[in-house]
Amino acid sequence: MPREAAPKEPALAAQAERIMASFSRGGYEQIAMAVIQPAGPFLDSVGETLRARTYVFVDHHGQEVCLRPDLTIPTCRLHLARHPGGNTLARYCYHGLAFRYQPGGARPTHPTEFRQAGIESFAACDREKEDAAILSLTLEALREAGLEQTQLTIGDLGLFAALLCAIPMPARWRRRLWHHFWRRDSFRRVLMRLTSSEALKAHEMPRDLVGRLDPANPEAAEAIVIEYLERSGLTIYGTRTLPEMTERLLAAAADAREAPLELAAAALIDSLTLVRTPAPQAVRRVSELLRPHKIDIEPALVSFKRRLDLLDSHGVDTRQAQFSAVFGRSLEYYTGFVFQAVSPKLGATNPIASGGRYDGLLTDLGAPHPVPAIGSCIHTERLFAALHGDGP
Amino acid sequence: MSAKFVLALPSKGRLKEDCANMLAEAGLAITKSGSARGYKGTIVHVPEVEVNFVSSSEIAHFLKNGTAHVGVTGEDLLREAVPECADRLNLRAPCGFGYADVVVAVPAWWIDVQRMADLEELAMTFRRRHGRSIRVATKYMNLTQRFFAQHGVSGYRTVESLGATEGAPAAQLAELVVDITTTGATLRANDLRVLNDGVILRSQAHVVSSNAAPWSDHFRAIERELLEALARTKHPDLKSHPLNTRQTSNLNGERDAV
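Chains as they are written, first to last, in this note's numbering: chain H, 1 to 392; chain U, 1001 to 1258.
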């Protein structure tokens, strides 16, 4: 189907003008970025699956580049180009084309090229305050464009991180669970593995070697590993180093001796991933889950409550918002507050606006220290479809 | 619409010889024809068939876009070039030659990495230490992506390698490889080891029909004639294969899994 041409364009432009005017009034500096971006930062933060939906190609210098699939990473790169430390307060807004290959063919709600209007905020230290400001400004821009009614879903990955920290377990298990959090199936598998001493002992590494490593004495381990490699006629080469491998072998040795995670603790982690409730009840629901386990994540719950109050003070009706504890699981770089706004007309598979906190992304892109960061963007073609009648 | 029935065959190497032998046994002797310097030919007994000799990977593309009606090439190349293999192609029969396994191989000294699941854990620790993802050198970008996703491995980057892939880890161009092997000798010579669950595909040459080619009843009859002649040869795989079913590919089931 050919993309609908002329008649829609002026209306879309007028809509964008209203959105961008809201962003500017909010104090966001309007920026523009290159359409063709290096593919590396996208592939590193999203993974190789990005290729399936993104126009990636090799330029004349042999570098892998792409037509930007979204504008958040380009905004981060621009911010880091201006402020290499990243930690300078800045608020940007943009309106520009993004490109996604649509395997099922392009539709009005899933075009191959579309315009995103978004805002990103860096280095604002009062996180909840900034979270609330970003979401309320996004909703205000939607209202300015004419969309009064949206269904709001919010989540907070900070609650999950706090729960992992509060449950006693080795730090490497926390890292493992957090790493797998974004993969629903493997997360469950990893979680269940930690509850079984059999499974913790199971691995296919050389048993005679792992059995000789003492997790309490890591200094001695390297010599034992070197001796094993020499005896087996194996030569160390490539970019990976011996200490890296020794760390994993020691982890396997430690896992085999570790007391497994209590079933009740695993069940608690699992049950938090299932919580869905109207936002005002979220704190109570999560507290009720934790109480029998005598586990306290009070600071994370206080932050959540404070953010809700701030949203209320901005005039956002949080009573109508849904809370989902694992919402935000789809995009690996989110670290805290996440949200999306859906129009009843287009439904939950076609969110009109979405965003979230990504405090780890700037370090991935080269910042020396973590930088508080949150952003939001409006899918302008969907907004237009919601307002002017094209169905999904 | 093409007036000729196009049969695409490998233009060089061992695969070319094996194909020629298979066709000769089936009584489908080929004569080179025309001034195209040996890149065209005809089958003596089936004059409507135009034989095109092209590279094995080109054959996959010919079948994908319908330039050829039938071709012979490796399943590895087909699956790499045609992700939606089951819709675009009919893998009619394995040939019993052109064997090659597509495998995930790591430096042999990585004794902590024995399974695909270890790779995901490794990716996590590698990233923490090096500030970047582990790299996989391969010419099979699509096969790699699908297989790794199937095993829940995500923290990696692929680096396209068009030759001597097995040397990439030693040259520090990548940390591991996805490569083909027949005996494993080349991998061993380069201090690489295949993961215990790291066989992506046990590939061999296949006789393949294209769904994208312009078919007529007459061309279907020619196809049947060719396939039946091949089935009469002593190639056991060809003989046992049910040629009259439309979808004989073992990829169909696998496609759902990836």
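Quick caveat, the hints were computed from the structure, so don't treat them as lab data.
Hints may be right or wrong, so weigh each one.
Stated by the list, open to error - A few chain H residues that face chain U, going by a derived Cβ cut-off under 10 angstroms, partial list only:
{"hint": "1", "residue": "E204"}
{"hint": "2", "residue": "M205"}
{"hint": "3", "residue": "R212"}
{"hint": "4", "residue": "V225"}
{"hint": "5", "residue": "I236"}
{"hint": "6", "residue": "K305"}
Unchecked claim - Below 25 angstroms or equal to it, Euclidean Cα-Cα: the simulated SDA-like pairs (lysine to any residue) are:
{"hint": "7", "chain 1": "H", "residue 1": "K201", "chain 2": "U", "residue 2": "A1117"}
{"hint": "8", "chain 1": "U", "residue 1": "K1064", "chain 2": "H", "residue 2": "K8"}
{"hint": "9", "chain 1": "U", "residue 1": "K1064", "chain 2": "H", "residue 2": "K201"}
{"hint": "10", "chain 1": "H", "residue 1": "K8", "chain 2": "H", "residue 2": "P111"}
It should be emphasised that the depicted structure is a prediction, and the values quoted were computed from it without experimental measurement.
Just so it is clear, CB atoms sit at the ideal spot from N, CA and C, and this is done for glycine as well.
Tested hints:
no.	hint	verdict
1	E204	4 angstroms, holds
2	M205	5 angstroms, holds
3	R212	13 angstroms, violated
4	V225	8 angstroms, holds
5	I236	5 angstroms, holds
6	K305	33 angstroms, violated
7	K201/H <-> A1117/U	15 angstroms, holds
8	K1064/U <-> K8/H	37 angstroms, violated
9	K1064/U <-> K201/H	48 angstroms, violated
10	K8/H <-> P111/H	14 angstroms, holds
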